[in-house]
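Chains as they are written, first to last, in numbering that gives the first Met the number 0: chain Y, 0 to 519; chain Z, 0 to 310; chain V, 0 to 327.
Think of the hints as simulated: they come from the structure by calculation, not from any bench.
Take these hints with a grain of salt, some might be off.
As the list claims (entries may be wrong) - Simulated restraints on C-beta separations:
#1 84/Z - 160/Y: 57 to 63 Å
#2 312/V - 155/Y: 27 to 33 Å
#3 286/Y - 126/V: 45 to 51 Å
Quick reminder that beta carbons are idealized off the backbone N, C-alpha and C, glycines included.
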Amino acid sequence: MQRTVEAASPGGTPSGGGDGAPLLELSGMTKSFSGVTVLEDVSFDVRAGEVHALLGENGAGKSTLIKIAAGVHRPDRGSIRIGGREVSFASPRDARAGGIAVVYQELLLFPELTVAENIFIGHGPRTAAGTLDWRRMRERARELLDDLDSQHLDVDARVGGLSVANRQRVEIAKALSQDARVLIMDEPTASLAEADVQQLIQIVRTLRQRGVGIAYVSHKLPEVFALADRVTVLRDGRLVGTEPIAAMDERKVVSMMVGRSIDQLFPKVPTRLGEVMLEARGVCHAGVVRDVSFQLRAGEILGIAGLVGSGRTELALTLFGLTPATSGEILVGGSPVAVTSPDQARELGIAYVPEDRGLQGLVKPQTIAENIAHTMLERLRRGFLVDRARETALARHFIEALGIRARGPGQVVGQLSGGNQQKVVLAKWLAIEPRILIMDEPTRGIDVGAKSEIHALMSKLASEGLAILMISSELPEVLGMSDRVLVMNGGRVVAEFDGSEATQEAVGQAMTLTHQRGAA
Amino acid sequence: MKVLRHETVLAILLAIALAILAAQSDRFFTVDNLLNQGRLMAEVGLVALVMTFVIVSAGIDLSVGSIFGLVAILLGVFWQNVGMPLPLAIVAAIVVGVVAGLANGWVITRFKVPPLVATLATLALYRGLAEGISQARSVRGYPEWFFVLGQGEVLGVPTQLWVFAVFAVVASVILGLSPFGRATYAIGSNAVAARFSGIRVDRTILAIYAASGLMSAIAAVIFVSRVSTTRSDMGTGLELDVITAVVLGGTSIFGGRGTVIGTVLGVMLIQALKNGLALSGVKGDGTIVVIGFVLIASIVFSNLFRRNSDG
Amino acid sequence: MTAAEVARPPRPSLVSRTLEAYGQEIVVFAAIAVLFVVVGSVNPRFLSDSNLISIFSGNAYIAVAAIGMSLVIITGHIDVSVGSLIGALATIAGTLAVSGYPVWVAWVVPVLVGMAVNAMVGAVIAYVKIPSIVVTLGMLSILKGGLISLTGGAWITDMPPAFFIAQQRWFGIPSPIWFMVALTAVVALWMRHSPTARMFYAVGGNAEAARATGISPERTTVIAFTLHGLFAGIAALLFATQLQVIQSTVPPNLELTVITAAVIGGVSILGGTGTVVGSTLAAILFACIGSALVFLNVSAYWLKAVIGLLILATVLADMARRRRYRRI
Chain Y
0 MQRTVEAASP GGTPSGGGDG APLLELSGMT KSFSGVTVLE DVSFDVRAGE
50 VHALLGENGA GKSTLIKIAA GVHRPDRGSI RIGGREVSFA SPRDARAGGI
100 AVVYQELLLF PELTVAENIF IGHGPRTAAG TLDWRRMRER ARELLDDLDS
150 QHLDVDARVG GLSVANRQRV EIAKALSQDA RVLIMDEPTA SLAEADVQQL
200 IQIVRTLRQR GVGIAYVSHK LPEVFALADR VTVLRDGRLV GTEPIAAMDE
250 RKVVSMMVGR SIDQLFPKVP TRLGEVMLEA RGVCHAGVVR DVSFQLRAGE
300 ILGIAGLVGS GRTELALTLF GLTPATSGEI LVGGSPVAVT SPDQARELGI
350 AYVPEDRGLQ GLVKPQTIAE NIAHTMLERL RRGFLVDRAR ETALARHFIE
400 ALGIRARGPG QVVGQLSGGN QQKVVLAKWL AIEPRILIMD EPTRGIDVGA
450 KSEIHALMSK LASEGLAILM ISSELPEVLG MSDRVLVMNG GRVVAEFDGS
500 EATQEAVGQA MTLTHQRGAA
Chain Z
0 MKVLRHETVL AILLAIALAI LAAQSDRFFT VDNLLNQGRL MAEVGLVALV
50 MTFVIVSAGI DLSVGSIFGL VAILLGVFWQ NVGMPLPLAI VAAIVVGVVA
100 GLANGWVITR FKVPPLVATL ATLALYRGLA EGISQARSVR GYPEWFFVLG
150 QGEVLGVPTQ LWVFAVFAVV ASVILGLSPF GRATYAIGSN AVAARFSGIR
200 VDRTILAIYA ASGLMSAIAA VIFVSRVSTT RSDMGTGLEL DVITAVVLGG
250 TSIFGGRGTV IGTVLGVMLI QALKNGLALS GVKGDGTIVV IGFVLIASIV
300 FSNLFRRNSD G
Chain V
0 MTAAEVARPP RPSLVSRTLE AYGQEIVVFA AIAVLFVVVG SVNPRFLSDS
50 NLISIFSGNA YIAVAAIGMS LVIITGHIDV SVGSLIGALA TIAGTLAVSG
100 YPVWVAWVVP VLVGMAVNAM VGAVIAYVKI PSIVVTLGML SILKGGLISL
150 TGGAWITDMP PAFFIAQQRW FGIPSPIWFM VALTAVVALW MRHSPTARMF
200 YAVGGNAEAA RATGISPERT TVIAFTLHGL FAGIAALLFA TQLQVIQSTV
250 PPNLELTVIT AAVIGGVSIL GGTGTVVGST LAAILFACIG SALVFLNVSA
300 YWLKAVIGLL ILATVLADMA RRRRYRRI
């Protein structure tokens, strides 16, 4: 029977796994959850030695497709073939046995265990007696990491203490340790800084050369164009198209994703700058923020570029009072202030939209209204109680003003899409009517449509006189949105550019050059 | 409006239990018996009110029984050995209870010790202090007026039932409707996001554990007044009774979800079961078997309930 | 902060790696050593063979129970019913022994019952998805109430002499000490070298990641609880046979003593880390403190206060140590 299946599969060769037959072929995938169809007749394949990018807005069905390939979900209809042979996965274990490994966005590692054990958990080398062979496990972990240009990683280090980039390498090593022939990477660069992204891209290229087939899911078009051989776009659970990368450009990809064309990804509205709202004079915090000085004016968007660990988020935390400044002076509206806790910052009119929406920004099981009220508990107080009517009215106002797509103020935030969740975070901080808005990675992990909506909102807020400090890992975003750009490294501000003179090359070079100096 | 699903299940369970018990024994559904049961449940009930806050904030306080014992002992020691006037001794003992609760909160917030571990340590510490101070002596002979609290009545209703009712209403309003309650839920669901919203997380947690100490202390004073004596092993195992009542009342042990009304229903259901089964001839300890089953069953049911409606 | 560009850093010294991996075990061991030196110098009789043997053998059952508790906590759960379970199993053993069953039946049946009961508890936790503290809180009531109402609180006496396994001496050393040492050693090695046992750490450290790796958190939970039942059964035997009578009650708060031993021994209450060597050392430490108070002429009524202070001190030291490693 299997022979006939092979013969019937288009381009299939009897040997399987050759150039013709894809390593992994998903065809006619259909899947619905409790009556809602999330995937309809989607086909996707990965060939040996190629990077096949999978694109689509949030909710387009990418993660469902990945999870089917990984054996987490079972499709309602459609067939899965590995090397031309039809298979069905009852569990993730089956998929892995078929040579498919997934590097998930939320890295699935064990923080208390060592690097070596994380790589080999569940399939460690055994001794003749059947016990774990720790020595061989460590040796093979070493080899795998060396192959990934990760000589600096100690195989005995606890994973909990590693940076995100290093954890990702552990994940990739884990996938390779199981002889994965297909590697699915789910937004691998979502929480990486630029330098780490470049290294990851290098690693992916190496893997491709070795004949590994890679399915690459990402929101970031530059890296897709740098890496991919083919691109598949999903929208609303359906396949829009699969094209060779040569036939595509950014504009075309975006219009396939959103179903309309977007002329300008980063709307830039000219702003009239007002007086200085926030000033830092020699602000330091415990060696991670060093002698930072800058001025931020009303109506201005000041972008901060830098690598992860360069002190940009740390600076935001200091300005917001979470890690109070150990020396230096902070002035709000011209007068010196002491900011030692977030509630003080809030009373001074400083708002902070944090980088990790799920962890730091929202209480997901609670409603939109309740989440917005978190910054307003004292102001919504009437007598001893929370004024429910005002709370609901406030939520209604922001749902309309920010275009939050939700059933109403009573909807639970965890059910919203990433972009709408981000708008709720923004709403809860706009509710306090801030003078200064710090936005850390304002569009991380949200789809293209929502991204441009957030950018438009930022422009509008600035034009209304809000002073915005924007931290972002995405250079195009920093360059497109900012009136001025500060580059941070080693806790210091190492360069400053006017919006007009800031180019990708100039800012990128400033970051890299100073970084090497800092490391030496 | 959200339907209080678990509370509804509990209320129905309570009604069924009352109906069955009333049919089983004609002594159960009498005013005297019910009021007397109210007297017996007040101590666990008072501690459970604040335990609801503790568990909603994703914490736990295992030391309540030990604080209870320590306060009971100190009440006797302050009065008899130190020679304080009794009202002053009561106040002093309650202050110690609050300090003990504050110490819990301080260890938890200042040193980031998980609440389970921190209060496990103080469970041993406070009980140890109670035993060390009392040296197995008991204190008796309290003046007559003191027994009003634990054995007396006001308007025909046991004094401590009034105390419990007042605190239950106050706790319910604070948790359900006040900014402090909102902060408690936010902290229990996601403490990091609460802190990033400018909610004073540490201060809120300190206040909750201090209140837990306060309520354990008040319950201890009522208990001493009810049984007319003081011993160091008082309140042993109280923490498990209280947590059972709170969890039975629908408060999620992971924090972020739960109501005071649910807790009150939980306390009442446990007391009704204990009393009703005893009256129906089940021997004393057989009743706690039933309570164990009811605890597990009620959580299973409300889990299934929730899954179906989310479906 | 990004170490990506740096060449391979020097490997941390053996000392610092050992400290990081076994810090808590070392702290507890040091505490025992200090206690021996201090109390021994004040009152040398503390270090006499007979005293040490009685300390160790009288509390061995706590250490054995703590082994099982460690497995459960490492897997990310907790069991507050183990005290009642030990009491119930001890009563079953005694009842079988006086009812004329062969001694080996009286030994084996309670162990099997312990495994069966806890396998069921584990299944409810894993498959019905109810938090372990809730299920075991319910079990605490069920076991405690069930035991007392079935036995009526009566003590069991007149067991056949061969039943008293805990009173036997092998090579001059009481059998409970053999049990404690052998079980700790075997389980410690197993936890380190068996692929199955590493699943406990994986599930306790990150259940979702374990699932994605193909490890079933549900199955692992049931296995951990079943083994916990095994050790509770052995602990019950040691407890039941150390005296001539079996009381229907166990020491109050026994479950908390067992949990405390595991936690002080370095098992993180959050799951995913810890060893059974640590929990056994901690159980020994508690026993030594109890005895030391007697030899220092301190009223035994202060024992709990001292243990409480000690727990607090260890926990704070552990927190400080972890924070230091986190910073690096």
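Distance restraint hint 27 to 33 Å, applied to the beta-carbon atoms of residue 312/V and residue 155/Y = holds (29 Å)
Cβ distance range 45 to 51 Å for residue 286/Y and residue 126/V, holds or violated = Given about 49 Å between the Cβ atoms, the range holds.
Evaluate the given range 57 to 63 Å for the C-beta pair formed by residue 84/Z and residue 160/Y.
-> Once the Cβ atoms are compared, 58 Å apart, the range 57 to 63 Å for residue 160/Y and residue 84/Z holds.
Comparing the model with each earlier hint shows no violations; every hint is respected.
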